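Novice: Residue numbers (numbering that gives the first Met the number 0), protein chains in the order written: chain G, 0 to 129; chain B, 0 to 129; chain C, 0 to 100; chain D, 0 to 100; chain F, 0 to 122; chain H, 0 to 122.
Source of the hints: derived by calculation from the structure; they are not laboratory data. None of the values given here were measured: they were computed from a predicted structure. A portion of the hints provided could be inaccurate.
[Unchecked claim] No farther apart than 27 Å at their CA atoms in a straight line, the calculated lysine-lysine pairs in the DSS-like style are these:
| hint | chain 1 | residue 1 | chain 2 | residue 2 |
| --- | --- | --- | --- | --- |
| 1 | F | LYS63 | G | LYS97 |
| 2 | B | LYS97 | G | LYS97 |
| 3 | G | LYS68 | G | LYS29 |
[What the hints assert, rightly or not] Examples of chain F residues toward chain D, derived with CB under 8 Å:
| hint | residue |
| --- | --- |
| 4 | ARG13 |
| 5 | ALA33 |
| 6 | PHE35 |
| 7 | ASP45 |
| 8 | LEU72 |
| 9 | ASN91 |
| 10 | SER94 |
| 11 | VAL103 |
| 12 | VAL104 |
| 13 | ARG106 |
| 14 | SER121 |
Ideal Cβ placement from N, Cα and C applies to all residues, glycine included.
Listed here are the chains, written in short residue letters.
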Amino acid sequence: MQFALLVNEGPYQHQAADSAWHFARAALAKGHGISRVFFYHDGVYNGTRLGVVPQDERHIPERWALLAKEHDVDLVICVAAAQRRGILDAAESRRHGKGADNLAEGFRIGGLGQLIESGIEADRLLVFGD
Amino acid sequence: MQFALLVNEGPYQHQAADSAWHFARAALAKGHGISRVFFYHDGVYNGTRLGVVPQDERHIPERWALLAKEHDVDLVICVAAAQRRGILDAAESRRHGKGADNLAEGFRIGGLGQLIESGIEADRLLVFGD
Amino acid sequence: MSTLHLVNKSPFEKDAFDSCLRHALPGSAVLLIEDGIYGALQGTAPGDCFGQATELQRYVLVEDLRARGFGAEHLVVGVQVIDYEGFVDLAVAHELVQSWL
Amino acid sequence: MSTLHLVNKSPFEKDAFDSCLRHALPGSAVLLIEDGIYGALQGTAPGDCFGQATELQRYVLVEDLRARGFGAEHLVVGVQVIDYEGFVDLAVAHELVQSWL
Amino acid sequence: MAAANKKRILYVQRRAPYGSLYAQEALEMLLMGAAFGQRVSIAFLDDGVFQLKAEQAPSALGMKNFGRMVRALELHDLEGIYVERESLDERNLKSGQLVLPAEVVRRAELSQLMAEQDLVLSF
Amino acid sequence: MAAANKKRILYVQRRAPYGSLYAQEALEMLLMGAAFGQRVSIAFLDDGVFQLKAEQAPSALGMKNFGRMVRALELHDLEGIYVERESLDERNLKSGQLVLPAEVVRRAELSQLMAEQDLVLSF
């Protein structure tokens with residue numbers, strides 16, 4: 000079965016990103032697929048590559064990226080929500096003349112249409128938020 | 000009278016940052032001082048310079064910076080909370096080899112001690128959060 | 000010593016409003032801001048509770064009230080409507096400001 | 000068609016748990032995760048309510064339960080304790096998953 | 000796409016406007032998603048009914064008028080715009096005070112409606 | 000600093016652990032601030048009393064044990080560690096189930112205690 004996930008909160012502050020990741024891992028372990036994880040609202044902060052986390056603590060953005068790499072999961076950060084909150088990839092950064100970008104490897108910027116598409120195509124869409 | 004403010008939520012997602020800013024502006028207009036605004040928890044996201052906001056909408060980080068410049072307000076982003084969430088100044092970025100920084104002008108990175116100091120020295124400390 | 004309590008949560012959604020009213024000492028002030036303003040609406044259970052708390056000085060922030068489509072005419076009796084300037088004055092007048100987040 | 004309802008909020012702090020129980024149709028499933036697990040505790044008002052909702056299939060996520068220092072022995076009767084693997088199975092078994100945020 | 004193939008998508012609005020951005024970003028998603036030709040509905044319940052209150056005036060806060068965004072729902076080809084009777088009553092809101100003529104439904108009807116969707120998006 | 004000049008600072012913990020980071024970052028601030036030589040207290044009420052529950056075991060979640068952080072409070076020179084009786088009762092928690100021997104106080108006493116502070120930090 001194909002799952003799509005919507006993550007509405009940033010890392011650490013709320014448990015939503017943790018719960019979504021644990022669900023994704025458990026689903027993959029059972030042989031299901033995770034077609035896409037879409038990050039909306041403060042969820043876009045999951046895609047930063049500037050986080051500095053103590054060695055003995057979980058690194059939420061890196062954990063997503065690893066999951067995506069190993070299982071070919073599409074990690075999409077909503078462009079509208081991300082711009083408002085200062086999450087930019089290199090192209091966006093250039094376009095807006097910001098001189099720096101902070102999107103982590105493994106994530107990409109996409110539109111709301113990709114969440115709708117996931118909702119239509121996946122067998123189940125689960126929402127994780129606060 | 001000297002006020003210090005503690006802001007515990009990021010911009011846009013919750014109204015806390017707006018309320019704190021409106022309070023600060025009203026206090027300054029009445030001749031009071033705002034000695035420091037300390038940003039904690041997701042509040043550290045107020046200090047990003049990568050946000051892209053439509054022309055007709057309020058730009059929360061820039062609004063803070065302008066207030067600080069005009070009224071000599073110390074805007075302090077908690078270092079521990081900021082690292083976890085990927086808000087870095089140039090020095091922090093270099094130290095952690097991140098290759099990019101995103102702290103907005105007008106803000107500085109500081110320690111929790113500076114919030115305690117504000118609480119002790121200011122006449123009032125107000126907490127804005129969710 | 001007198002305390003100004005700040006409530007910024009809807010009483011229908013979260014427990015901060017209730018907890019504040021249970022802990023605020025007689026004579027202290029309670030100011031409803033942001034979604035907290037819903038706690039002062041006439042004809043609602045939280046509003047009735049707020050209206051009956053006559054031992055407290057009760058305030059509502061007008062900027063937040065108007066933003067949400069309400070006015071003084073929708074509030075229970077005994078509640079004063081103030082603006083941000085009044086908020087600052089209240090914070091000056093009370094030695095301690097406690098937020099109920 | 001059958002729905003799996005997810006509740007991740009403490010019933011003491013927020014209204015999501017109550018709203019979910021008011022809207023879940025008989026025969027549907029409710030899974031408590033994160034701070035939602037506090038809704039199944041014995042000897043509490045929300046727990047009593049959850050225990051009495053025998054028209055629902057009721058589940059609690061064990062990883063979140065244990066994290067918070069509780070076990071199956073603290074829960075009201077009629078509630079099944081499942082792990083993330085069981086969570087996935089529930090999501091497969093129900094055509095619709097609705098989160099109460 | 001034939002009607003039979005269209006997915007029934009329900010947006011559930013349970014939060015008040017202004018205090019957080021959830022409601023606004025949910026509407027932004029709906030207005031975008033409506034273009035995908037699915038059978039889209041929106042339901043306002045609990046504090047979400049406050050989103051419908053007429054006469055919102057946030058200019059002193061420097062925020063966008065959310066009521067105006069909600070009114071734009073009427074311009075889209077939505078399957079339904081529902082508001083829960085019990086939630087209105089608890090908040091002492093009358094249907095005449097709303098920015099648009101949402102269909103007032105009882106809690107039991109809304110529960111049924113939720114259960115009939117292919118997809119429920121909560122914010 | 001003479002005792003008379005020290006400020007009375009109260010940390011108010013009203014939220015459950017794990018579901019959000021508020022509780023943990025509040026403790027991080029307290030443990031830092033305790034070094035400033037002020038008269039620091041902490042009060043657990045409402046869902047904050049869940050922070051004190053013994054036998055927390057979050058390893059399956061990959062999260063730090065919050066109960067262990069709370070226990071570290073005992074090592075610091077705090078003015079008081081309070082937990083509200085009514086909040087415990089509503090949640091069916093007994094004082095014997097707590098990770099540390101907090102002082103159990105009635106709501107009325109806690110209200111008084113809050114009002115006597117120079118500073119109340121809420122998270």
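Novice: So, for every hint listed, does it hold in this structure?
Specialist: Status of the hints after comparison with the structure:
1. Taking the CA atoms of F:LYS63 and G:LYS97, the gap is near 25 Å; set against the 27 Å cutoff, the hint holds.
2. The suggested pairing of B:LYS97 with G:LYS97 holds, with an alpha-carbon distance near 16 Å, which does not exceed 27 Å.
3. Distance restraint check for G:LYS68 and G:LYS29: the Cα-Cα separation of roughly 18 Å lies within the 27 Å cut-off, and the hinted pair is therefore satisfied.
4. Nearest Cβ of chain D to the Cβ of F:ARG13: about 7 Å, under the 8 Å cut. The hint holds.
5. A hinted interface residue such as F:ALA33 counts as satisfied when its beta carbon comes closer than 8 Å to some beta carbon of chain D; here the least separation is about 20 Å, so the hint is violated.
6. Taking 8 Å as the C-beta cut-off, the interface hint given for F:PHE35 is violated, the closest approach to chain D being about 19 Å.
7. The restraint placing F:ASP45 at the interface with chain D holds, with a minimum CB-CB distance near 5 Å, inside the 8 Å limit.
8. Given the 8 Å rule on beta carbons, the hint for F:LEU72 is violated: about 21 Å separates it from the nearest Cβ of chain D.
9. Because the smallest distance between the Cβ of F:ASN91 and any Cβ of chain D comes to about 17 Å, over 8 Å, the interface hint for this residue is violated.
10. Because the beta carbon of F:SER94 sits about 20 Å from the nearest beta carbon in chain D, more than 8 Å, this interface hint is broken.
11. Taken as an interface hint, F:VAL103 does not check out: its beta carbon lies about 16 Å from the nearest beta carbon of chain D, beyond 8 Å.
12. Look at F:VAL104: its Cβ only gets to about 12 Å from chain D, farther than 8 Å, so that hint breaks.
13. This hint holds: F:ARG106 has a C-beta 6 Å from the nearest C-beta of chain D, less than the 8 Å allowed.
14. The interface hint given for F:SER121 is met, as the beta carbon of that residue sits about 5 Å from the closest beta carbon of chain D, less than 8 Å.
Going through the hint list in order, the structure does not satisfy hints 5, 6, 8, 9, 10, 11 and 12.
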